[in-house]
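With the sequences and hints as input, model every part of the structure.
Protein chains: 2
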Amino acid sequence: MFTVWFTGLPASGKSTIAKRVEEALRRRGLDVENLDADEVRRNLHPKLGFSKEERGENNRRIAYLAKLLNKHDVVVIVAAVSPFEEHRRMARRIVEEAGRFFLVWVNCPVEVCKARDPKGLYERAERGEIPDFTGVSHPYEPPQRYELRLDTAKDDPRTCTEQVLAGLERAGLLQPAEAGTGREREGVALTPEEEEAIRERLRQLGYLD
Amino acid sequence: MFTVWFTGLPASGKSTIAKRVEEALRRRGLDVENLDADEVRRNLHPKLGFSKEERGENNRRIAYLAKLLNKHDVVVIVAAVSPFEEHRRMARRIVEEAGRFFLVWVNCPVEVCKARDPKGLYERAERGEIPDFTGVSHPYEPPQRYELRLDTAKDDPRTCTEQVLAGLERAGLLQPAEAGTGREREGVALTPEEEEAIRERLRQLGYLD
Chain A
7 MFTVWFTGLP
17 ASGKSTIAKR
27 VEEALRRRGL
37 DVENLDADEV
47 RRNLHPKLGF
57 SKEERGENNR
67 RIAYLAKLLN
77 KHDVVVIVAA
87 VSPFEEHRRM
97 ARRIVEEAGR
107 FFLVWVNCPV
117 EVCKARDPKG
127 LYERAERGEI
137 PDFTGVSHPY
147 EPPQRYELRL
157 DTAKDDPRTC
167 TEQVLAGLER
177 AGLLQPAEAG
187 TGREREGVAL
197 TPEEEEAIRE
207 RLRQLGYLD
Chain B
7 MFTVWFTGLP
17 ASGKSTIAKR
27 VEEALRRRGL
37 DVENLDADEV
47 RRNLHPKLGF
57 SKEERGENNR
67 RIAYLAKLLN
77 KHDVVVIVAA
87 VSPFEEHRRM
97 ARRIVEEAGR
107 FFLVWVNCPV
117 EVCKARDPKG
127 LYERAERGEI
137 PDFTGVSHPY
147 EPPQRYELRL
157 DTAKDDPRTC
167 TEQVLAGLER
177 AGLLQPAEAG
187 TGREREGVAL
197 TPEEEEAIRE
207 RLRQLGYLD
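Chains as they are written, first to last, in the numbering used here: chain A, 7 to 215; chain B, 7 to 215.
Each hint should be verified, as a subset may be incorrect.
No copy labels: a pair is met if it fits in one copy or bridges any two.
To be verified - For lysine to any residue, the following SDA-like pairs were computed, each having C-alpha atoms within a straight-line distance of at most 20 Å: (1) 58 to 127; (2) 125 to 135; (3) 77 to 48; (4) 53 to 137; (5) 77 to 40; (6) 58 to 146; (7) 53 to 96; (8) 77 to 35; (9) 58 to 91; (10) 77 to 36; (11) 25 to 47.
FYI, nobody ran anything at the bench for these hints, they're computed from the structure.
As structure tokens, this is what we get:
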């Protein structure tokens, strides 16, 4: 099993794409859990803040949950700002104890994120109402190691979702959708010899010329 | 799916029985996670202490993990002192959002636990080296609501494990072991009419007199 971990600035599009990927994977018959970073905070450590150390703690806990679920054959989707390279590497190490880790860098210029700002968080952060806000008063380290980079200022959510699914297929984590039904799905694709034998039989029966 | 939550004093036998129940359920083909309370502490909140409030936090977090796993068809086993009725009720409420909650009270007189004391914790607590130690300097509230009570001063771990499995069967959470193999397991037991029709056919074919 595997964990798809989306990292990026607030309002870069992480959650939107994570939600679409979650639904696409479920349609392909996978058991999926979308670990919403805010919900995990609320349930596991409501009093945790947003200092570098506390963000690391949050990432570590989410990674532990992801590992636990991967171990039981549940695909995990995570959308978390996770702005520090060292914390992302730690999350990778933890998840890899039980599954594979697929890091998606949701890249978007901070100016575009600020212009979107669907929850008005950048505005509040710039007024000084939210301390340690990534992109305003807290750094975001662009990933050095990642499996896929999306550019959400250029590509729409649908395109980005397709890029993620294609990336998972290339990494061998997901069966191509074309092979998602029928015999191939079960790993019983015909050999060329078998296929020829069947064609021959159909020819004998008059179904093929 | 369901969570079996063992509550009781330190050294009452919770972990020993939990481990045996885990193995028995796995032998019956279930996907099982044994959420060791110490491991959860280490992974989720290493700095959390043992005050009443912090114990409540710990119970809440374990319950959240259990809920998440139950949601994905994983049976969860928890062994946690969980000395307060209000925290056990909270854990029940959380788990019941996704699965069923089966509380096992591992009852054992504190004198017997102290005499066992496999890790020497009671001794250290009595020397004042461990603060807030349940049974010495911290209270244990006997459960008012529970699904099963074990008496580990009287019954050995094997007997207690059988009592838990029988309790889970009575509660409809577990198929009786006798029906654990063959057709009945799949819910396709034959009706008397079908059985007679098959016997008749076998007779015709000369397999039966």
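Results of checking the hints against the structure:
1. In this assembly of identical chains, residue 58 and residue 127 lie within 20 Å of each other by CA distance solely inside one copy; the values are 19 Å within and 36 Å between copies.
2. Taking identical chains as interchangeable, the C-alpha atoms of residue 125 and residue 135 lie at most 20 Å apart only when both belong to the same chain, with a minimum of 14 Å there against 50 Å between chains.
3. In this homomeric assembly, residue 77 and residue 48 come within 20 Å of each other (Cα to Cα) only across copies, at 18 Å, whereas the closest approach inside a single copy is 24 Å.
4. For the homomeric pair residue 53 and residue 137, the shortest alpha-carbon distance inside one copy (15 Å) is at most 20 Å, but the shortest distance between copies (24 Å) is not.
5. For a Cα distance limit of 20 Å, the shortest separation of residue 77 from residue 40 qualifies both inside one copy, at 15 Å, and across copies, at 12 Å.
6. Only within a single protomer do residue 58 and residue 146 lie at most 20 Å apart by alpha-carbon distance; the minimum there is 11 Å, versus 38 Å between protomers.
7. Within a single copy, residue 53 and residue 96 get their C-alpha atoms only as close as 22 Å, which misses the 20 Å cut-off; across copies the closest is 19 Å, which meets it.
8. Taking the closest pair of Cα atoms, residue 77 and residue 35 come within 20 Å of each other both inside a single copy (18 Å) and across two copies (16 Å).
9. In this assembly of identical chains, residue 58 and residue 91 lie within 20 Å of each other by CA distance solely inside one copy; the values are 11 Å within and 37 Å between copies.
10. In this homomeric assembly, residue 77 and residue 36 come within 20 Å of each other (Cα to Cα) both inside a single copy, at 14 Å, and across copies, at 14 Å.
11. Taking the closest pair of Cα atoms, residue 25 and residue 47 come within 20 Å of each other only inside a single copy of the chain (18 Å); across copies the shortest separation is 30 Å, beyond that limit.
Against the hints set out earlier in the document, no violation occurs for any number.
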